[in-house]
Amino acid sequence: MASSISLTRVESGNPLLNALRIVPGVLLLAGIGYAGKILEHSVNAYAKEHHWTFPNIEYVLWAILIGLVISNTLAIPRFFQPGIATYEFWLKLGIVLLGARFVLADVLKLGGISLGLVVIEITLSLALMTLLGRLFKLKPKLTSLLAIGSSVCGVSAIIAAKGAIDADDEDSSFAIAAILALGALALFTFPAIAHGLHMNDVSYGLWAGLGVDNTAEATAAGALYSDAAGKVAVLAKTTRNAMIGFVVLAYAIYWAGRGQAEAVTNKATFLWKKFPKFVLGFLLMSLLVGFHAFSKGQVASLGNLSRWAFLLTFAGVGLRTNFRDMSKQGLRPFIVGALGEILIACLTLGLVVGANRIWGS
Amino acid sequence: MSTDTSPTVPSKSNSLSLDTLAVIVALVLALAVRFDIFRNVPW
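Heads up: the sequence lines are chains A and B, in that order.
When the letters of the first sequence are read in order and numbered with our numbering, they come out as residues 342 to 702.
When the letters of the second sequence are read in order and numbered with our numbering, they come out as residues 54 to 96.
These aren't lab readings, by the way, just hints derived from the structure by calculation.
The reader is advised that the hints may include incorrect statements.
Per label pair, the in silico range of CB-to-CB distance [claimed, not checked]:
1) LEU80(B) <-> ALA591(A): 41 to 49 angstroms
2) GLU603(A) <-> ASP89(B): 37 to 45 angstroms
3) ILE90(B) <-> GLY372(A): 19 to 27 angstroms
4) SER70(B) <-> ASN541(A): 32 to 40 angstroms
5) ASP89(B) <-> PHE632(A): 13 to 21 angstroms
One side only, chain B facing chain A, incomplete, derived with CB under 7 angstroms [stated by the list, open to error]:
6) SER70
7) ASP72
8) ALA79
9) VAL81
10) LEU82
11) LEU84
12) VAL86
C-beta: ideal position from N, C-alpha, C; glycine also.
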């Protein structure tokens, strides 16, 4: 299963050995990412030279496609896995650095709009997934995990909730599998639908950030549409991620009340523990740029560093997506997840279109 | 992944330290950018 790569833990007492173990996988990510960039340029140049009508395929898609082809056709040796698992680190690093490309006023305006939409999205998603879980007679804690994963932020939220509601490893694995499989589908369906609807960058970015569950896939889905859409998708998704503590806390209190999870003694500590700290890094970076800590050229360099970090992330997204392993996961959780996701995608699309009419963003 | 088909769930502490590490590395990179170390990099 895809998650087995992404979530493989690097376990060794020696920090130097740990650092060395990630090198082959990181080099593989960088190699795939760089190949994506080369392919983007060379394919476009070749098509132009031969007067072909060929769609402009961005390096993002090439990196994902190369990763997908490798993971679904070759047996990747185990020594690559610790390095491939670092894709999540590159994602968070990329998001923090991306803060430099946002003026604080934009963060506040778009973040404010995102926050309003996120609250509506989370409420409706939780209700919808809970209803579907009951209809399909899924185990209650699996339903809770699917609801948390689809409403807030995919895999991270499920991991955060697992301990808090004392869920089984098996339930968590099913929920993670469903969220990742659906995220992979969203990568291809979201941009296609948006092109069909002629959505503008801001509307599409908001939709990708609200509708795609896992942060890596939401970032990739945004970047596949345009650079500007990618930025907005990250902002919307980061706003959604920031809500993780509140949702997990509510579920922890619910399950503790039923005697099936440990009671939460200090709610403020709980919220701080669950809060994704990279969101603060993102805001700090935006603040530093706002206070003119960097020149224009330096901000461009930070943007380029962010793009490179994302490039490694996108290669990792492709590498960890294995369709054969996904098909081995339970069908019912996947159906519930898929139905929920389709409805949530329609719902968030409606929210974004509505918001676009109100704010004209 | 073809070599490991059982999904595993990492500990919470891993994801938290990953966040902090990402912020620290970003700040170090920002400092490097501030001192123009990346000025001539052909991105």
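Hint check results:
Hint check: LEU80(B) to ALA591(A), Cβ distance near 33 angstroms, so the stated range 41 to 49 angstroms is violated. With their beta carbons about 51 angstroms apart, GLU603(A) and ASP89(B) fall outside the hinted range of 37 to 45 angstroms. Evaluation of the 19 to 27 angstroms hint for ILE90(B) and GLY372(A) yields a pass: the beta carbon distance comes to about 24 angstroms. Take SER70(B) and ASN541(A): their Cβ atoms lie about 38 angstroms apart, and the range 32 to 40 angstroms holds.
ASP89(B) and PHE632(A) have their C-beta atoms about 19 angstroms apart, which keeps the hinted 13 to 21 angstroms range intact. For the restraint placing SER70(B) at the interface with chain A, the shortest Cβ-Cβ distance is roughly 9 angstroms, beyond the 7 angstroms limit, so the hint is violated. Given the 7 angstroms rule on beta carbons, the hint for ASP72(B) holds: about 4 angstroms separates it from the nearest Cβ of chain A. Residue-level restraint check for ALA79(B) holds (minimum Cβ-Cβ distance to chain A is 4 angstroms; threshold 7 angstroms).
At about 10 angstroms, the closest approach between the beta carbon of VAL81(B) and any beta carbon in chain A exceeds 7 angstroms, and the interface hint on this residue is violated. Satisfaction of the interface hint for LEU82(B) is found here, the shortest Cβ-Cβ separation to chain A being roughly 6 angstroms, below the 7 angstroms cut-off. Annotation: LEU84(B) was flagged as interfacial toward chain A, and the flag is violated, the nearest CB pair being 10 angstroms apart, outside 7 angstroms. Because the smallest distance between the Cβ of VAL86(B) and any Cβ of chain A comes to about 5 angstroms, under 7 angstroms, the interface hint for this residue holds.
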